[in-house]
Amino acid sequence: MNELGPMLVMAILAVPICSAALLVLFRDDRVTGWLNAAASFLTFLASTSLFFVRPDLEPYLTVDDVNVVFILLNTFVAFTTSVFSASYIAHELDTGRLTPAYLRFYHAMYQVLMFAMNLALLANNVGLMWVAIELATLTTVLMVGLYRTPAALEAAWKYFILGSVGIALALFGTILVYLAASSVVGEGLDAMAWNVLVKRAPAFDPHLLNLAFVFLLLGYGTKVGLVPLHAWLPDAHAEGPTPISAVLSGLLLNVALFAVLRFKMIMSANPGALAPGPLMVTLGLVSVLFASFMLYRRHDIKRMFAYSSIEHMGIITFAFGMGGPLANFAGLLHMTFHSLTKSAIFFSVGHIAQIKGTQKMSEIRGLTISHPVLGWGLVLGVMTIVGLPPMGIFMTEFLIITSTFARQPVLAVALGLGLLVALGALLLRLNGLAFRDPDGKEAPAQASFIPMFAHLALVLAAGIYLPPALVSWFQHVAGLLG
Amino acid sequence: MDRLALDVAHLFAGGLVLVSFMLLYQDRMFGLLNMFALHAFVVSLSVAWQAHIQLAPHLYITAGIALIVKAIIIPVALHRIIVRLGIHRTIETVGGIGQTMLAGIGLVALSIMVMLPITAQSGTLTREDLAFSLAVILLGLLMMISRRNAVSQIIGFMSIENGLILAATAARGMPLVVEISVAFSIIIALIVVGIFLFRIRERFDSVDVHALEQFRGGQP
Numbered sequence: 000m001n002e003l004g005p006m007l008v009m010a011i012l013a014v015p016i017c018s019a020a021l022l023v024l025f026r027d028d029r030v031t032g033w034l035n036a037a038a039s040f041l042t043f044l045a046s047t048s049l050f051f052v053r054p055d056l057e058p059y060l061t062v063d064d065v066n067v068v069f070i071l072l073n074t075f076v077a078f079t080t081s082v083f084s085a086s087y088i089a090h091e092l093d094t095g096r097l098t099p100a101y102l103r104f105y106h107a108m109y110q111v112l113m114f115a116m117n118l119a120l121l122a123n124n125v126g127l128m129w130v131a132i133e134l135a136t137l138t139t140v141l142m143v144g145l146y147r148t149p150a151a152l153e154a155a156w157k158y159f160i161l162g163s164v165g166i167a168l169a170l171f172g173t174i175l176v177y178l179a180a181s182s183v184v185g186e187g188l189d190a191m192a193w194n195v196l197v198k199r200a201p202a203f204d205p206h207l208l209n210l211a212f213v214f215l216l217l218g219y220g221t222k223v224g225l226v227p228l229h230a231w232l233p234d235a236h237a238e239g240p241t242p243i244s245a246v247l248s249g250l251l252l253n254v255a256l257f258a259v260l261r262f263k264m265i266m267s268a269n270p271g272a273l274a275p276g277p278l279m280v281t282l283g284l285v286s287v288l289f290a291s292f293m294l295y296r297r298h299d300i301k302r303m304f305a306y307s308s309i310e311h312m313g314i315i316t317f318a319f320g321m322g323g324p325l326a327n328f329a330g331l332l333h334m335t336f337h338s339l340t341k342s343a344i345f346f347s348v349g350h351i352a353q354i355k356g357t358q359k360m361s362e363i364r365g366l367t368i369s370h371p372v373l374g375w376g377l378v379l380g381v382m383t384i385v386g387l388p389p390m391g392i393f394m395t396e397f398l399i400i401t402s403t404f405a406r407q408p409v410l411a412v413a414l415g416l417g418l419l420v421a422l423g424a425l426l427l428r429l430n431g432l433a434f435r436d437p438d439g440k441e442a443p444a445q446a447s448f449i450p451m452f453a454h455l456a457l458v459l460a461a462g463i464y465l466p467p468a469l470v471s472w473f474q475h476v477a478g479l480l481g
Numbered sequence: 000m001d002r003l004a005l006d007v008a009h010l011f012a013g014g015l016v017l018v019s020f021m022l023l024y025q026d027r028m029f030g031l032l033n034m035f036a037l038h039a040f041v042v043s044l045s046v047a048w049q050a051h052i053q054l055a056p057h058l059y060i061t062a063g064i065a066l067i068v069k070a071i072i073i074p075v076a077l078h079r080i081i082v083r084l085g086i087h088r089t090i091e092t093v094g095g096i097g098q099t100m101l102a103g104i105g106l107v108a109l110s111i112m113v114m115l116p117i118t119a120q121s122g123t124l125t126r127e128d129l130a131f132s133l134a135v136i137l138l139g140l141l142m143m144i145s146r147r148n149a150v151s152q153i154i155g156f157m158s159i160e161n162g163l164i165l166a167a168t169a170a171r172g173m174p175l176v177v178e179i180s181v182a183f184s185i186i187i188a189l190i191v192v193g194i195f196l197f198r199i200r201e202r203f204d205s206v207d208v209h210a211l212e213q214f215r216g217g218q219p
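One line per chain: the protein sequences are A and B, in this order. At position 268 of the first sequence (counting the first as 1) the number is 267 in numbering that gives the first Met the number 0, and the numbers step up by one without a gap. At position 157 of the second sequence (counting the first as 1) the number is 156 in numbering that gives the first Met the number 0, and the numbers step up by one without a gap.
Hint data in this document are derived by calculation from the structure and do not stem from the laboratory. Positions of the beta carbon are idealized from the N, C-alpha and C atoms, including for glycine. Any given hint could turn out to be false.
Claimed, not checked - Think about it this way: if two alpha-carbon atoms lie no more than 25 Å apart in a straight line, the pair counts; the simulated SDA-like pairs of lysine to any residue are:
#1 A/K359 / A/A230
#2 A/K198 / B/R171
#3 A/K198 / B/A119
#4 A/K198 / A/L278
To be verified - A few chain A positions that, by computed beta-carbon distances, are all more than 12 Å from chain B:
#5 A13
#6 V52
#7 L92
#8 N194
#9 G356
#10 L387
#11 I400
#12 G423
#13 F434
#14 D436
#15 A453
#16 S471
Input sequences plus hints: build the corresponding full structure.
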């Protein structure tokens, strides 16, 4: 097993990149969707090996308790999304929105994106992590512009410019961290290695770290979609293919947040440095409040759920900013549930938009009557995302608010207000979408419902009963996050 | 030798800030392109000098990439695109040139005041180069927000990137600098190909990104 361990971890990176090359060459468009799913499944299988083995891959890669959670979630949602994508994209081909050449490009890019995200999560070198996140940004830019309509091109352009500026700021922060480290651990690779940085952080120059963290938070925060750096996010979600919206919301935002968390751990290990918590709490709270009020003014269904993603990334950043075992635990769980739920919602929204031929909410009505399975799936998803009991998100939001209330009551009230406002907005819209008299096209749904209901069932089950092993594992990780 | 090494490094870094200012007041497309080629040329000189005094031969690769890709290929490609798309007019700015220059001076002062005190423990060369590179980055950001035109936004972004390369080489012994400069070149190549393929002019009848606004979602 010890010999096999490093190979299995390398498979998490090798399978996506090799299948990307294969998918470019493969010309049969009916099969490529399922090949994509098979490759994603293999990656997921390889990542489950991390439960049993922790191979030593330093200096470039590392497997520790923190990134295992992210990698498992990443590969799992990537797999279910690829199943959804196979049926979604076949329909796009039928309606002529995509040509076979673009389809090959799409599948190859999907696997390159998976490679980039897994590399960012596995990287032990902060420079390598930066390169991986940049690669992930580039591939998603290309995917967002895939339909080449004016609106899609605008969204891609905006995402590109804002994402590049964010990535540039993050690099400057990374250079400053290297500078702070190199005077303590010496020049060279060690001064960028994550495991060395955390161990030696107490000796770093706190002033350099402070400045570095501001750049890193703004840079990677742009990719997390924190207000006021969020402008790219709704457009990118609304105009790209829906599987990409699901991957963006469910995974890429987490990867960027993971980068912020890694640097936060360095900051909190240094006694002289600025406390990173208040900065993150402020950005998180502003995101929650802004996004929840903006939800009322949305007319496009995918744009609305993109704002809901900003809101939830705000909640998670808030929780990690509060820090402490309980808030970190709730933040981690919330991140997991949000990834599962939001991608499930995008699965149903993708099929709905295909059936109705529009994303305008004013033209979508009465889904539970015309398309019961899809409609009730959406209802269930929205009920979950707004945090109604007994779903998992209710539990995590409850934990975040109560743990905050014990320490900073005012912040808890502000966060609670944001959650209530968002709940009102989403339920108001859901009423029109799901219940009134059916309207618009009523073609039967050719959909794969399994990924959507599998995600929702997981969140429901976790809300009712969390296995003790999972709880102790998440508590352990929460303790590490500081 | 040591004193000379420091002075020449300063000359190049200071020259980069100066060229960043010159980018700010260009009001013609071709003038902007020529100035950017100069910017990239100065950055490649600066990196080559650092490679020389730090005895770090791999930095010559970064200098070579800066010279060939950013000082020659990109300006020539952008020049041809601008001629092909017929957009060689004056550049629309947000706010006057005077105010932009004043804001730029403020940003340079800010970056020197921020960087010098906190890098007290590092060597003189690193300190001053970091202060200058932060100034170049902030001036690049200023250029991106004060221009509405897609091509000048890209040039603003590329000047930010030159500032980052300067910072990365100033941090002695930083690994992965070459890889990072390659990664950046890929982004830039992609943007330039993007402008051409997306044919922003054909689709929107202008490379003024203001024209993109009408496609913003949200109308019922």
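Evaluated hints:
With a C-alpha separation of about 20 Å, the suggested pair A/K359 and A/A230 falls inside the 25 Å cut-off, and the hint holds. About 22 Å separates the Cα atoms of A/K198 and B/R171, which keeps this hinted pair within 25 Å; it holds. Only pairs whose Cα atoms come within 25 Å are accepted, and A/K198 paired with B/A119 is accepted, the gap being roughly 23 Å. Restraint check: the Cα-Cα separation between A/K198 and A/L278 comes to about 23 Å, which is no more than 25 Å; the hinted pair holds.
No beta-carbon of chain B is positioned within 12 Å of the beta-carbon of A/A13; the least distance is around 19 Å. In this structure A/V52 is separated from chain B by more than 12 Å, as the shortest Cβ-Cβ distance comes to about 28 Å. Once the 12 Å rule is applied to beta carbons, A/L92 is consistent with being away from chain B; the minimum gap is 22 Å. A/N194, annotated as away from the interface, keeps every beta carbon of chain B farther than 12 Å; the closest lies near 15 Å.
At roughly 16 Å, the least C-beta separation between A/G356 and chain B is larger than 12 Å, which holds for a residue marked as non-interface. The claim that A/L387 is not at the interface with chain B holds, since no C-beta of that chain comes within 12 Å of its own (minimum 27 Å). With a minimum CB-CB distance of about 31 Å to chain B, A/I400 clears the 12 Å threshold, and the non-interface call stands. Chain B leaves A/G423 outside its interface by the beta-carbon criterion, the shortest separation being 19 Å against a cut-off of 12 Å.
No Cβ of chain B comes within 12 Å of the Cβ of A/F434; the nearest lies about 20 Å off, and the non-interface call holds. Every CB of chain B is more than 12 Å from the CB of A/D436 (nearest about 19 Å), matching its label as outside the interface. Distance to chain B confirms A/A453 as a non-interface residue, since its nearest Cβ pair spans about 30 Å, more than 12 Å. Taking the minimum C-beta to C-beta distance to chain B, about 37 Å, the non-interface status of A/S471 holds against the 12 Å cut.
In this structure, every one of the numbered hints holds.
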